[in-house]
Amino acid sequence: MKTVIVDYDAGNVKSLQFALERLGVVGQITNNSELISSADKVIFPGQGEAASAIEKLRSKGLDTLIPQLKQPVLGICLGMQLLCKQTEEGNTQGLGILPAKVVRFPNTVKVPQMGWNTVNHKAEGLFEGIAQDCYMYLVHSYFIPLTDATIAQSQYAGAYSVAVQKDNFCGVQFHPEKSSKNGLRLLENFLKF
Amino acid sequence: MLTKRIIPCLDIKDGRTVKGVNFVDLRDAGDPIELACRYNRVGADELVFLDISATEQKRKTLADLVLKVAAALDIPFTVGGGISSVEDAKKLLRNGADKVSINSAAVRRPELINELADAFGNQCVVVAIDAKKVNDSWLVHLVGGKVPTLIDLNEWAREAEFRGAGEILFTSMDHDGTKNGFANTALAELTEKVNIPIIASGGAGNTQHFVDTFKKGKVDAALAASVFHFGEIHIPELKQILKKENIPTRII
Chain H
32 MKTVIVDYDA GNVKSLQFAL ERLGVVGQIT NNSELISSAD KVIFPGQGEA
82 ASAIEKLRSK GLDTLIPQLK QPVLGICLGM QLLCKQTEEG NTQGLGILPA
132 KVVRFPNTVK VPQMGWNTVN HKAEGLFEGI AQDCYMYLVH SYFIPLTDAT
182 IAQSQYAGAY SVAVQKDNFC GVQFHPEKSS KNGLRLLENF LKF
Chain E
332 MLTKRIIPCL DIKDGRTVKG VNFVDLRDAG DPIELACRYN RVGADELVFL
382 DISATEQKRK TLADLVLKVA AALDIPFTVG GGISSVEDAK KLLRNGADKV
432 SINSAAVRRP ELINELADAF GNQCVVVAID AKKVNDSWLV HLVGGKVPTL
482 IDLNEWAREA EFRGAGEILF TSMDHDGTKN GFANTALAEL TEKVNIPIIA
532 SGGAGNTQHF VDTFKKGKVD AALAASVFHF GEIHIPELKQ ILKKENIPTR
582 II
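Keeping their order, the protein sequence lines are chains H and E. Every number in the numbering used here is 31 more than the matching position in the first sequence, counting from 1. Every number in the numbering used here is 331 more than the matching position in the second sequence, counting from 1.
FYI, nobody ran anything at the bench for these hints, they're computed from the structure. Misleading hints may appear alongside valid ones.
[As the list claims (entries may be wrong)] Calculated pairs, DSS-like style, for lysine-lysine (alpha carbon to alpha carbon, straight line, at most 27 Å): (1) H:K33 - H:K45; (2) H:K45 - E:K421; (3) E:K549 - H:K91; (4) H:K116 - H:K87; (5) E:K344 - E:K524; (6) H:K132 - H:K33; (7) E:K549 - H:K45; (8) E:K463 - E:K547; (9) E:K575 - E:K463; (10) H:K87 - E:K421; (11) H:K212 - H:K91; (12) E:K344 - E:K510; (13) H:K212 - E:K335; (14) E:K335 - H:K153; (15) H:K212 - E:K510; (16) H:K212 - E:K391; (17) H:K33 - H:K101; (18) E:K344 - E:K422; (19) E:K575 - E:K510; (20) E:K547 - H:K212; (21) E:K391 - H:K45; (22) E:K574 - E:K335; (23) E:K421 - E:K510; (24) H:K132 - H:K197; (25) E:K399 - H:K33; (26) E:K422 - H:K87; (27) H:K45 - E:K344; (28) E:K422 - H:K91; (29) H:K45 - E:K574.
Fair warning: this is a prediction, and the values are worked out from it, not measured in the lab.
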């Protein structure tokens, strides 16, 4: 099985690679279209600002490649948000795989949300074998509201999506590579897709 | 529900933990990886590594250490000490650090906060502030507290937020090392002034001090070093106490 981590200079890809290593899987960090297209599993990380991230994807031609992928794809953090149609951050067009719009947390709460929050999920697929109300590590200022694609939610200024799934695409707002045992189990579940 | 974080801080010099570590079951108390793994196992929510090496040359070992830490830990960690450019931060973040902490360099050149936030996102940028109460106002101090300034703590924290800081790590020099509790009045005021997470630092002596800083100081996270290193406070017990006090906390 070949697992790739999409590299577009946006995010802590090293920690993701180490997490896969703990599962005995080599995660190849690459921006090569052919390697990505031919991989069995694609992990699409992300950190930082949405508009510049989309710009970096475009410069490498990855903005057209990613929506065409047929194998399982896991977006993480900003990677998940970029799967959406649009984001308020920098008023940016996303990859349009999910019809949702990413919005900013209101100032009634601290922004960014930073830390471990409890996650309520559909106990299957990505979350198989993971306890309800498990803790995951999150750090973000923008979020996906609840949608038809929501498979897990957390509370921060109300309920919102922390995991989504549509066809072969799924995404998590938290960082599984930084979420201790629960996060590792989620990655393991994804690799079984 | 978002939980309050408990953050052990490891002071690093030339790649080794300093300030004394007193765990009986550690083979080598100076090995930061071994200590970090121990804290990971007992449920620390995050770790901070602060490099206090005197020279630039010796700091080069930091990037190697960060890579080893990233390989060993599955919780987030922040690295600070001597970071004064995007280039400095990039090496550490690329090697697996989740956040970088900047202090004196940001006061000397506040644009550094904007540059780091633009390059890596706000969530990566922790602005650490050391301050001391002088005639009723909290004044920022530089170079590990050695150099006083006339900058007001709250004003500087607001500017840091405005420039793109994702978090403030406030150390009260008046409380640091006293074991008499955190600077809760100043922390509560700071929490009112900014809308980003605040980490309390300086003064932890017992478990009640953590309860107090979450309740009275209204902080998001609390950081300490020696009480954890010397086994005076055990993280699992501390978290049970927080839970009893209805403070949201991650129990593993």
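Comparing the hints with the structure gives:
1. H:K33 - H:K45: holds (17 Å)
2. H:K45 - E:K421: Status holds; Cα separation ~12 Å.
3. E:K549 - H:K91: Violated. K549 of chain E to K91 of chain H sits at ~45 Å, over the 27 Å cutoff.
4. H:K116 - H:K87: holds (17 Å)
5. E:K344 - E:K524: violated (34 Å)
6. H:K132 - H:K33: This hinted pair is violated, its Cα atoms lying about 32 Å apart.
7. E:K549 - H:K45: Answer violated: K549 of chain E to K45 of chain H is near 34 Å, above 27 Å.
8. E:K463 - E:K547: holds (19 Å)
9. E:K575 - E:K463: violated (33 Å)
10. H:K87 - E:K421: holds (17 Å)
11. H:K212 - H:K91: Violated: K212 of chain H and K91 of chain H sit about 34 Å apart, past 27 Å.
12. E:K344 - E:K510: Roughly 24 Å between the alpha carbons, so the hint for K344 of chain E and K510 of chain E holds.
13. H:K212 - E:K335: holds (19 Å)
14. E:K335 - H:K153: holds (25 Å)
15. H:K212 - E:K510: Roughly 33 Å between the alpha carbons, so the hint for K212 of chain H and K510 of chain E is violated.
16. H:K212 - E:K391: Not OK: K212 of chain H and K391 of chain E at ~31 Å, beyond 27 Å, violated.
17. H:K33 - H:K101: The hint holds at about 14 Å.
18. E:K344 - E:K422: holds (18 Å)
19. E:K575 - E:K510: holds (23 Å)
20. E:K547 - H:K212: Roughly 32 Å separates the two Cα atoms, so the pair is violated.
21. E:K391 - H:K45: holds (19 Å)
22. E:K574 - E:K335: Between K574 of chain E and K335 of chain E the Cα gap is close to 10 Å, so the pair holds against 27 Å.
23. E:K421 - E:K510: violated (35 Å)
24. H:K132 - H:K197: holds (15 Å)
25. E:K399 - H:K33: holds (25 Å)
26. E:K422 - H:K87: holds (19 Å)
27. H:K45 - E:K344: At roughly 24 Å apart (the allowed maximum being 27 Å), K344 of chain E and K45 of chain H satisfy the hint.
28. E:K422 - H:K91: It holds: about 23 Å lies between the C-alpha atoms, which stays within 27 Å.
29. H:K45 - E:K574: Not satisfied, since the Cα-Cα distance of roughly 34 Å exceeds 27 Å.
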